[in-house]
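Asks: Got two chains here, each in a separate frame; can you build the complex from them with the hints?
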Amino acid sequence: MSTFYFIAFLSIFFSLLVIFAKNPVHSVLYLILTFFTFTIHYVLLNAQFLAVVNFIVYMGAIMVLFLFVMMLLNLNKDAEPGKHYLVKLAGVIAGGCLLVTLVGTLKLTAKSDPVILQNANLGLVKNLGKVLFNEFLLPFEISSVLLLSAMVGAVLLAKKEQRATV
Amino acid sequence: MELLDIGIKFILIVVIFLISLVVAMYSTYAERKVAAFFQDRVGPNRAGPWGILQPLADGGKMFMKEEIIPTRASGLLFIVGPSLAIMTACIGSAVIPWGQSLQFGSRTVDLQVTDINVGILYIFGVVSLGVYGIMIGGWASNNKYSLLGAIRAASQNISYEVSMGLSIIALIMVSGSLSLKDIAAQQHGFWANGYFTWNFFKQPLGFIIFIVCAFAETNRSPFDLPECETELVGGYHTEYSSMKLGFYLFAEYINMFISSAVMATLYFGGYNYPFMDSVAASVGPNAAVILGVVLMFAKVFGFIFFFMWVRWTIPRFRYDQLMNLGWRTLIPLAIFNIVLTGLFMTFFK
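Chains as they are written, first to last, in our numbering: chain A, 116 to 281; chain B, 1173 to 1521.
These are computed hints drawn from the structure, not numbers from a lab.
Keep in mind it's a predicted model, so treat the numbers as computed, not measured.
Heads up, some of the hints might be wrong.
[Stated by the list, open to error] Derived BS3-like pairs (lysine-lysine); straight-line CA-CA distance at most 27 Å:
{"no.": "1", "chain 1": "B", "residue 1": "K1316", "chain 2": "A", "residue 2": "K241"}
{"no.": "2", "chain 1": "B", "residue 1": "K1233", "chain 2": "B", "residue 2": "K1205"}
{"no.": "3", "chain 1": "A", "residue 1": "K203", "chain 2": "A", "residue 2": "K137"}
{"no.": "4", "chain 1": "B", "residue 1": "K1316", "chain 2": "A", "residue 2": "K137"}
{"no.": "5", "chain 1": "B", "residue 1": "K1237", "chain 2": "B", "residue 2": "K1205"}
{"no.": "6", "chain 1": "B", "residue 1": "K1374", "chain 2": "A", "residue 2": "K245"}
{"no.": "7", "chain 1": "A", "residue 1": "K198", "chain 2": "A", "residue 2": "K137"}
{"no.": "8", "chain 1": "B", "residue 1": "K1316", "chain 2": "B", "residue 2": "K1237"}
Isolated chain B (complex conformation) (with noise of 0.2 Å):
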């Protein structure tokens, strides 16, 4: 009995790793897509039909091309970079809540890898390890721009956390717990006691300062000043070459997924939706857990689509509006939240 719940859990790991890894491999693809649609043009049609093959192609080619380090780079920190950068993307993804739990028979089977008491904790160390992949990688290949670009990141990142983390303390107030378990438990349905469960209507603004943040840790546009190239070359990863610079540019497709199922979770219900309990006397339970899945997948794809517009649509920041941004405006709101969350808790509740 033991090993069978280690056997599930082993399982149930390497399916996440493997949807992660394809939700970023294919996430590559619908990149290009709406930046061609965005842009009027058609993307990439030449792999496959409607070019569905051309992640494939792309992953083939990083494979295939010479790997390069240059002399003077520090051997193994130099291949430490990126790998501690894809690791560390990967992790994260192993106290979110996908589903409720199936019903195999006498055996309950949670659709989630391990349910710590700390889950948003674990996420927020995970986050800020993320940092150290860059700036050994930018460190190690003993470049300029690298070593600028790597110092970018690793304060805007330090920036940025520090709002995500206020903005997150709001919704602890609100929901009591910081395991992810338990919050997505509590959005149950849509509407409860008259008021929505979702907790993005208890704290939109603190969803709001959220998303921001996500942004600014993934490094996605118009945050994106790490890898500047404008000013920067290539910013942290100039001197990397083939899966090296794969592994890099794979990791922030991760994080995308990481970060849009972080979010969805903590603010759009997760696995929950409208009517649920109707659907699950009618379908049987199974089905709705499997159709909570399938729905807490469409919230994911949702937010990536919107990393996706965002980027295509909203000019790249300044240096100094990026810390004037992170500084002045979000921590203040954030606290500004906190503040009002605390003040509404006390009087209207």
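If we strip away everything but chain A, and leave its shape as in the complex, we get (with noise of 0.2 Å):
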């Protein structure tokens, strides 16, 4: 239980310095490192597969074009302009809402009774799959289409700027 706090302390850490680095390379990077927490949440809930897949796709592959992009983006702090004190007033206020919004719905969430594990192994990747393709099978390809239509779309655009072009 003392591992769950200090990595949910450590999670914590890592995303607030996300918001506050001045620098967003630097935002990038904390946010890489809060994934990783993320991961040892996973492997501490016997979650392996899950763990695996959010250290690959998230920490390995997405993280690594949003790090390109801002390198190439080449920000910093001189370029940055100035903003009003209004705009971050309304940014401050509509923050606060989304906190509270959030904390309502998570009070809510808590009150019902909590899922009672039948299987403690269930995270393990043999038993995920028959899960998968068993009980879930047609919103598993559902969400799979889904994911390959975004992906045809998204060529499909990238396609269409390189034709206005020529």
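Replies: Shown next, in the form of structure tokens:
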């Protein structure tokens, strides 16, 4: 349990640093660390497959692309235009409202019965595969088609732009 | 008893760590000797007999050299870059089974640090993390050539990871397990039930795709575009000096060692060898296990030699050729391989 609290503290600490870091590249690096703490959370929950997939997909692929874009944009403090204090105030109010809504929602879910895990090894790749391809076959396939269509859409958009320039 | 288990694991980790470092160290020597052989030269022969102390001299030089950190470089990240590169190179060896288990009285000792049931994916994760060392180092140097080298490295690694993953999927379909221990155990011996047991003979196309991707992931020639000196000065490590540069160069050799070990385990039977059961029956189980470990290392060294052979034979690709090969040739081939494997498994088994 103490491991959980330590890792949870690290998650929150790094995610705060993501927001407070001045340099966008540092911000992305803190986000990578945040995702790494999530991976540890999954390992603590005995969900090895989810942990390693989070590690490969989020830390290893998506964040590399984020970092890629941030490095190419070459953003820095001097280039950032100063914002009016009214804009900042509006941002604080909107963020605060979102926080209140999220906390409220989370408080509601805590009142319902926690799901009692039937099988402690559910997160292992064999059991997860069986559950996905038996009970949740249709949602699984539909979500993969959804991802495929998103990919085709992205390729189509990229292609169109190329034709316009030629 | 519990403490003894931890002690054994600790010794195993230290031994594997030292072996990776020594192998990487002597790979630099072997590389120069192999290059000399291919170019009809002598190669390093001054430090010690046959130049055998050359890696030590090189290492000493790396430590002694002046360390320069550029003034406009981003302080901490400049140090994090090479540290991350060498760390990710070293942790990959944790899931590789180096041999079967040894028997000491009633105690069995596994020659594998840990057998997690997603072993292949762990290797994948480590490989995908390796690119951060290069990217952070390249960006923190605050140098255009470094940044370009880092970005090339990142895009190359991401592109080839895709086809590497797809070639692995076909292998997993055959083996039915993600654990490297299971995959190695399935390739027991050399010949069983009228066919070869080694996965190379079940997945020849998959192996070819995998080895090409392994070359790209370790940034070895002909895919060494991240440090293409004719275009980018030195690539991502242009601004690095002293042992930080040494770490980057060293990480490449450790990666080569680990990827050779992964290829040997996945496709060439790992510690398995022909007639291993009859050998075990005649010389005793422990001696047979040791022979398996020796042969595993022989396979690994064979692959390392292959890496060097290719480096001194094939010239570097152009960058667009590299991307075309990755996206337009290897990915369709890997998908074709998956379909072929699926059809074969449905109709012939």
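Asks: Hint by hint, say whether it matches the structure.
Replies: Verification of the hints:
Restraint check: the Cα-Cα separation between K1316/B and K241/A comes to about 47 Å, which exceeds 27 Å; the hinted pair is violated. At roughly 19 Å between alpha-carbon atoms, K1233/B and K1205/B fall within 27 Å of each other, so this suggested pair holds. Restraint check for K203/A and K137/A: satisfied, since their Cα atoms lie roughly 16 Å apart, inside the 27 Å limit. Between K1316/B and K137/A, the direct Cα distance comes to roughly 22 Å. Compliance with the 27 Å bound is thereby established for this hinted pair.
Taken as a hint, the K1237/B and K1205/B pair is honoured in the structure, with Cα atoms around 24 Å apart against an allowance of 27 Å. Our distance criterion of 27 Å between C-alpha atoms is met by K1374/B and K245/A, whose separation comes to about 26 Å. Under the criterion of a C-alpha separation no larger than 27 Å, the hint pairing K198/A with K137/A is consistent with the structure, at around 14 Å. Note on K1316/B and K1237/B: the hinted pairing holds, with a Cα-Cα distance of about 24 Å set against a maximum of 27 Å.
Figure legend: structure checked against the earlier numbered hints; the only hint not met is number 1.
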